[in-house]
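2 protein chains.
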Amino acid sequence: MKQYEHPLVEAFDLTAVLHALSDPYRLSVVQKLAEAQPQPCGPLQAGRPKSSVSHHFMVLRRAGVVRTEVVGALHMNSLRDTELEQRFPGLLSAVLKAAQSEQECRAG
Amino acid sequence: MKQYEHPLVEAFDLTAVLHALSDPYRLSVVQKLAEAQPQPCGPLQAGRPKSSVSHHFMVLRRAGVVRTEVVGALHMNSLRDTELEQRFPGLLSAVLKAAQSEQECRAG
Chain X
24 MKQYEHPLVE
34 AFDLTAVLHA
44 LSDPYRLSVV
54 QKLAEAQPQP
64 CGPLQAGRPK
74 SSVSHHFMVL
84 RRAGVVRTEV
94 VGALHMNSLR
104 DTELEQRFPG
114 LLSAVLKAAQ
124 SEQECRAG
Chain V
24 MKQYEHPLVE
34 AFDLTAVLHA
44 LSDPYRLSVV
54 QKLAEAQPQP
64 CGPLQAGRPK
74 SSVSHHFMVL
84 RRAGVVRTEV
94 VGALHMNSLR
104 DTELEQRFPG
114 LLSAVLKAAQ
124 SEQECRAG
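Residue numbers (my numbering), protein chains in the order written: chain X, 24 to 131; chain V, 24 to 131.
If you're looking for bench data, these hints aren't it; they were derived computationally from the structure.
Some hints could be false.
Note that identical chains are pooled: a pair holds if it fits in a single copy or bridges any two copies.
To be verified - Pairs of lysine to aspartate or glutamate, EDC-like flavour, derived with a Cα cap of 20 Å:
#: 1; residue 1: Lys55; residue 2: Glu106
#: 2; residue 1: Lys55; residue 2: Glu127
#: 3; residue 1: Lys120; residue 2: Glu92
#: 4; residue 1: Lys25; residue 2: Glu58
#: 5; residue 1: Lys25; residue 2: Glu127
#: 6; residue 1: Lys120; residue 2: Glu28
#: 7; residue 1: Lys120; residue 2: Glu33
#: 8; residue 1: Lys73; residue 2: Glu125
#: 9; residue 1: Lys73; residue 2: Glu106
#: 10; residue 1: Lys73; residue 2: Glu108
#: 11; residue 1: Lys25; residue 2: Asp36
#: 12; residue 1: Lys55; residue 2: Glu92
Since the structure is predicted, the reported quantities are computational estimates derived from the model, not experimental observations.
Just chain X, same shape as in the assembly:
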């Protein structure tokens, strides 16, 4: 059974986390997981080809932003929000607030 590798919280790298969050699709995945988690990849795919989605999830996993666990036939994704908060306090919540306020600006 496929298992994914995830960095330890001590190995989180700030610029890798910022890079993972700096792509609009990856940021949208993080926002969706912040609203409801865990989620399988399917509803997060947003019409993208599977190879592109796999790549983006790999970037999120390697940075320590997302954890993917195999549960039966599903690959369930969740944010590593507690560990990110432990390592970089306030960072993820500031990014999520900024993303929401940006969307409200654009919608408004």
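Given chain X, put chain V in place with the hints provided.
This is chain V only, laid out in the frame that chain X set:
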């Protein structure tokens, strides 16, 4: 006399800001400016070739992170921290705190 272009605060894009901060050299420039500003490019160059430094400052300016103003023969750089705080509250300070804590982890 050369003038640099800077986006209006309303045009700041979150993923562009995160991308600008996701490079170790650019993040180090932001940290140095957070300690003392404005500063000319020279002391921020850190032994890099001028073309590389120019590119990185362009990325920082286009994202709205840094403002460069021509003062006589000097190109003086400062953080747009007030405008970033206005647009994305808490983001820059969370990134600066995270960068500092990461450096302390590595040093300790």
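We went through each hint and held it up to the structure:
no.	hint	in the structure
1	Lys55 / Glu106	within (18 Å within a copy, 27 Å between copies)
2	Lys55 / Glu127	within (16 Å within a copy, 32 Å between copies)
3	Lys120 / Glu92	neither (27 Å within a copy, 31 Å between copies)
4	Lys25 / Glu58	neither (26 Å within a copy, 47 Å between copies)
5	Lys25 / Glu127	neither (39 Å within a copy, 36 Å between copies)
6	Lys120 / Glu28	neither (29 Å within a copy, 28 Å between copies)
7	Lys120 / Glu33	between (25 Å within a copy, 16 Å between copies)
8	Lys73 / Glu125	neither (28 Å within a copy, 34 Å between copies)
9	Lys73 / Glu106	neither (28 Å within a copy, 38 Å between copies)
10	Lys73 / Glu108	neither (30 Å within a copy, 37 Å between copies)
11	Lys25 / Asp36	neither (25 Å within a copy, 37 Å between copies)
12	Lys55 / Glu92	within (17 Å within a copy, 40 Å between copies)
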